[in-house]
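Given the coordinates of chain A, assemble chain B onto it according to the supplied hints.
Number of protein chains: 2
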Amino acid sequence: MNGLDRIRLHSLHDKVMPAAQAVQLIKDGAVVGMSGFGGAGEAKSVPLALADYAKDHPLKITLATGASLGNQIDGRLNEAHALARRYPYQADPGLRQSINAGEVMYIDQHLSEMADNIRHHNLPQINVAVIAATAITEDGLIIPTGSSGNSANFVEMADFVIVEIDNTINPILEGIHDIYVPKARPNRGPIPIIQASDRIGSIGISVDLEKIAAIVLNDLPDTSFAMDEPDTETLAIAQHLIQFFEAEVAAGRLPENLGPLQSGVGSIANAVFSGFEHSNFHDLEMYSEVLQDCTFQLIDSGKMKFASGSSMTLSQSCAAHVMNNFDQYKDKIMLRPQELSNNPEIIRRLGIIAINTALEFDIYGNVNSTHVAGTKMMNGIGGSGDFTRHAHIAIFVTKSVAKAGAISSVVPMVSHTDHTDHDVDILVTEQGLADLRGLAPRERALKVIEHCAHPSYREDLMSYFERACEKGGQTPHLLHEALSWHAQFQETGRMKAV
Amino acid sequence: MNGLDRIRLHSLHDKVMPAAQAVQLIKDGAVVGMSGFGGAGEAKSVPLALADYAKDHPLKITLATGASLGNQIDGRLNEAHALARRYPYQADPGLRQSINAGEVMYIDQHLSEMADNIRHHNLPQINVAVIAATAITEDGLIIPTGSSGNSANFVEMADFVIVEIDNTINPILEGIHDIYVPKARPNRGPIPIIQASDRIGSIGISVDLEKIAAIVLNDLPDTSFAMDEPDTETLAIAQHLIQFFEAEVAAGRLPENLGPLQSGVGSIANAVFSGFEHSNFHDLEMYSEVLQDCTFQLIDSGKMKFASGSSMTLSQSCAAHVMNNFDQYKDKIMLRPQELSNNPEIIRRLGIIAINTALEFDIYGNVNSTHVAGTKMMNGIGGSGDFTRHAHIAIFVTKSVAKAGAISSVVPMVSHTDHTDHDVDILVTEQGLADLRGLAPRERALKVIEHCAHPSYREDLMSYFERACEKGGQTPHLLHEALSWHAQFQETGRMKAV
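In the order they appear, the protein sequences are chains A and B.
The first sequence begins at 1 in this note's numbering and counts up by one.
The second sequence begins at 1 in this note's numbering and counts up by one.
Read the hints as simulated data drawn from the structure, not as lab findings.
One or more hints might be untrue.
[Unchecked claim] Calculated pairs, DMTMM-like style, for lysine to aspartate or glutamate (alpha carbon to alpha carbon, straight line, at most 20 Å): (1) A:Lys303 x A:Glu277; (2) B:Lys376 x A:Glu443; (3) A:Lys376 x B:Glu466; (4) B:Lys183 x A:Glu256; (5) B:Lys183 x A:Asp198; (6) B:Lys376 x A:Glu481; (7) A:Lys496 x B:Glu210; (8) A:Lys471 x B:Glu491; (9) A:Lys60 x B:Glu443; (10) A:Lys183 x B:Asp198; (11) B:Lys376 x A:Glu470; (12) A:Lys447 x B:Glu103; (13) B:Lys447 x A:Glu103; (14) B:Lys471 x A:Glu491; (15) A:Lys183 x B:Glu481; (16) B:Lys60 x A:Glu443; (17) A:Lys376 x B:Glu470; (18) A:Lys471 x B:Glu103; (19) B:Lys496 x A:Glu481.
[As the list claims (entries may be wrong)] The calculated label-pair distances, taken between Cβ atoms and stated as ranges, are: (20) B:Ala184 x A:Gly405: 38 to 46 Å; (21) A:Gln21 x B:Asn187: 51 to 59 Å; (22) A:His282 x B:Pro221: 53 to 61 Å.
Keep in mind it's a predicted model, so treat the numbers as computed, not measured.
A virtual CB, placed ideally from N, CA and C, is assigned to each residue, including glycine.
Just chain A, with the same shape it has in the complex (with noise of 0.2 Å):
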């Protein structure tokens, strides 16, 4: 049986069995946690028995994962509705509107405090781990695939634990992931991560192998994950950052490397990484979440020195080039449990630079990331929060419009905050950029209003800002229209009257 060869602790083998027979482990009601982070490294053939398994049979669980998963896994166990709750992070369509209509009690929560709030009682015990597995070792140790999340976590937590082999997964994988799981307080010590590329956990993860109660095998690859090429917009975005940057380092402000860098998914992010290729930067360091194809392209060109993250979410033909060239990068990655890759502690203490995409920020530079109008869910907070409050320098990028000019990013007020204006350092649209560092309110308006808004509304916030200081205080604001342009947006799809 393909695959048997992976699981190298013989004693192992007949624990194997299909997918639709592990699946009926699982019961109803029960806390599950399964391993996937950034749509990668996700186990997929047990869950998608279980989407099946629960089209005829009651069965409800809470699912906690590391972060998103790939294979539409969510979307199909929403549909199957065995999704009773659901946290810390998802980006499916299909889970998003389950959400939205309080279908799937969701609980959005920072990525590096769920395994202690669940290790402390906060949130409730984990019952099973379902977990992608590279191989289990000699020793038992569990090899994670694509992304190590809270897999580490549960497997501790669990009361059992089914282990998938992954047999899509590259082998020479083995060896990428830094596992370390903090002790449970009052006796936990630092975390000792002094640099970006300090090792200092196991490459696999430790299982009382009595816990094991099932392996299944899987023939089913991760996603691959296409990136939009840079548009004009983005590409502006990213010339503004770098020549920040420039800036900053001439001042003496920053160190020449920058330090390490973190920067969230998506094609904005991917867009001011690729600038980094343009730039006379060089011995970069990231201490991210996600690793994506800006980071291999910039280790390939020789401007990466180092990549620490919790996941690899690559495009196939990325994929393919890293797998088949890994030996370029094997002692320049590390995958860690997002305990460590989000962890507040090491991101203060290495001095981060935080890139993040805001879904819109106000005129104070308060940043919504997940709300759309204040109520609609988008996918979560994700790390920004665990980088922003910490990082050495925190910075929101997007684009100053949205839906060809009927949304403005640039709002008076934030319908939803999940970033405030003590954490945010800067903020980028493709219209400039905003400093915002040891500013005060009423200044920070002015620089926000200045280099961040689209010239269409540019006029609007301003004025709304001058009749609002005539009314004072620190953080001037009319309450009657502060909400007024999100409103508008609901009832017309824009935020201006034509």
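Relative to chain A, chain B alone:
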């Protein structure tokens, strides 16, 4: 001259000068870092002389401190129009007015972050440090007074230092400070505090003696802070919390001594801590910012075994009692720089229970700590964000109504967000306690309305929530109505029509 004996390094005696002379070292436009935190441990003679000087000299400074200053120093400097910019926190009525009028640029900051922001060039460098001292040792160590704040950081960063020897401070305080300054990145290691009582630094501030430009002697004492006696509502809040803690311990979710506690400043927090007095808890620990009377009462009654803070803000009688019986306390308290007392790394490692006061919160658990009706600054976020984000359990307390019922502290949508729903676990009013851990927004709303809202607003909140749910969303809102309670309050002084 009274106080010379406290300057035990005699070579410094010739730097002693009157405050009026020392202030001439402070130039127009200077960035001045002053000691002081929680209204304790501020320099007094120099700032007050500076206010006098500014009355008839052109002088506008940027003032950075630990946190709030006693002796109305912010007010006096503000009256003299000596403040151009102010951070990271203040609590003076007069300065508040100037801030809200847009006359003083106020940069409200997380208390733990300011030093790093200066050290790594997100804020301007400190030109002059003005630091209150109990003594200067034979070795030239500056022994702080009633607070540690950012004093050690300012001394390290400043071009020159003015030391103010505070003759009113009992010299027995020497030894209770734990002064440790993190290294600048990229060579920063972990902060080695593993238990609340660990000492990791020295008892005083090291200084390059060349930088001491002046020493001033002061005879004005620290301000005393009398606490209101607990009233019916604050007693009820305390009782709800104690019951919650007891239930958590009984369920095995919290250790018997709860783990280290943090408490915000003020009468409600004081009442809550007094609630422990009549509880069965023992071996309590604090890892907090400000040690108030209640801390020492709990030590007196044997309930509390150790308290770490950044300042002591005491009533006159408590201060006298503590100083007269200092032997009982000296091994049980420690005053640390706010980079340690409020540090995310340590807060998360220790698993702190954080109890802070909200100005208002909304049905989904977002908290406003700073802005009245979304616009007017009250004091500032202080350390509430440092603790809330990283706490094991983050709690906010407030009375359910203010101004004799004209204002509901529970609103449809907060008019300003300082703490997002991701970070807020427990809300408490005199009406009851809402445990929001692991709940989605719609579930949170039901708990908050049922357990926390005042009966006179409960129906209106439920009506809002139900009508919002009809429109859907992860966090249902009616954008036209979301801030209407605050708008109504601005117009009529009441949140709803009589």
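Pair hint lysine 60 of chain B and glutamate 443 of chain A, alpha-carbon separation not exceeding 20 Å
holds, 18 Å
Between lysine 60 of chain A and glutamate 443 of chain B, does the CA-CA distance stay at or below 20 Å?
Holds, at roughly 18 Å.
Is the distance from the Cβ of glutamine 21 of chain A to the Cβ of asparagine 187 of chain B consistent with 51 to 59 Å?
Taking Cβ atoms as reference, glutamine 21 of chain A and asparagine 187 of chain B lie about 54 Å apart, which means the hint holds.
Given the hint that lysine 376 of chain B pairs with glutamate 443 of chain A, test it: the Cα-Cα distance must not exceed 20 Å.
holds, 16 Å
Starting from the range 38 to 46 Å, see whether the pair alanine 184 of chain B and glycine 405 of chain A falls in it by beta-carbon distance.
holds, 45 Å
Supplied distance hint 53 to 61 Å, evaluated on CB atoms of histidine 282 of chain A and proline 221 of chain B
holds, 57 Å
Is the straight-line distance between the alpha-carbon of lysine 471 of chain A and that of glutamate 491 of chain B 20 Å or less?
holds, 12 Å
Hey, lysine 183 of chain A versus aspartate 198 of chain B, does the alpha-carbon distance stay inside 20 Å?
holds, 19 Å
Within 20 Å, alpha carbon to alpha carbon, are lysine 376 of chain B and glutamate 481 of chain A?
holds, 17 Å
For lysine 447 of chain B and glutamate 103 of chain A, compute the direct alpha-carbon distance and say whether it is at most 20 Å.
Given pair lysine 447 of chain B, glutamate 103 of chain A holds - Cα atoms ~18 Å apart, limit 20 Å.
Are the Cα positions of lysine 303 of chain A and glutamate 277 of chain A separated by 20 Å at most?
Since the Cα atoms of lysine 303 of chain A and glutamate 277 of chain A sit roughly 7 Å apart, the hinted pair holds (cutoff 20 Å).
Distance restraint between lysine 471 of chain A and glutamate 103 of chain B, which requires alpha-carbon spacing of 20 Å or less
holds, 14 Å
In terms of the numbered hints stated before, the structure departs from hints 7 and 15, listed from lowest to highest.
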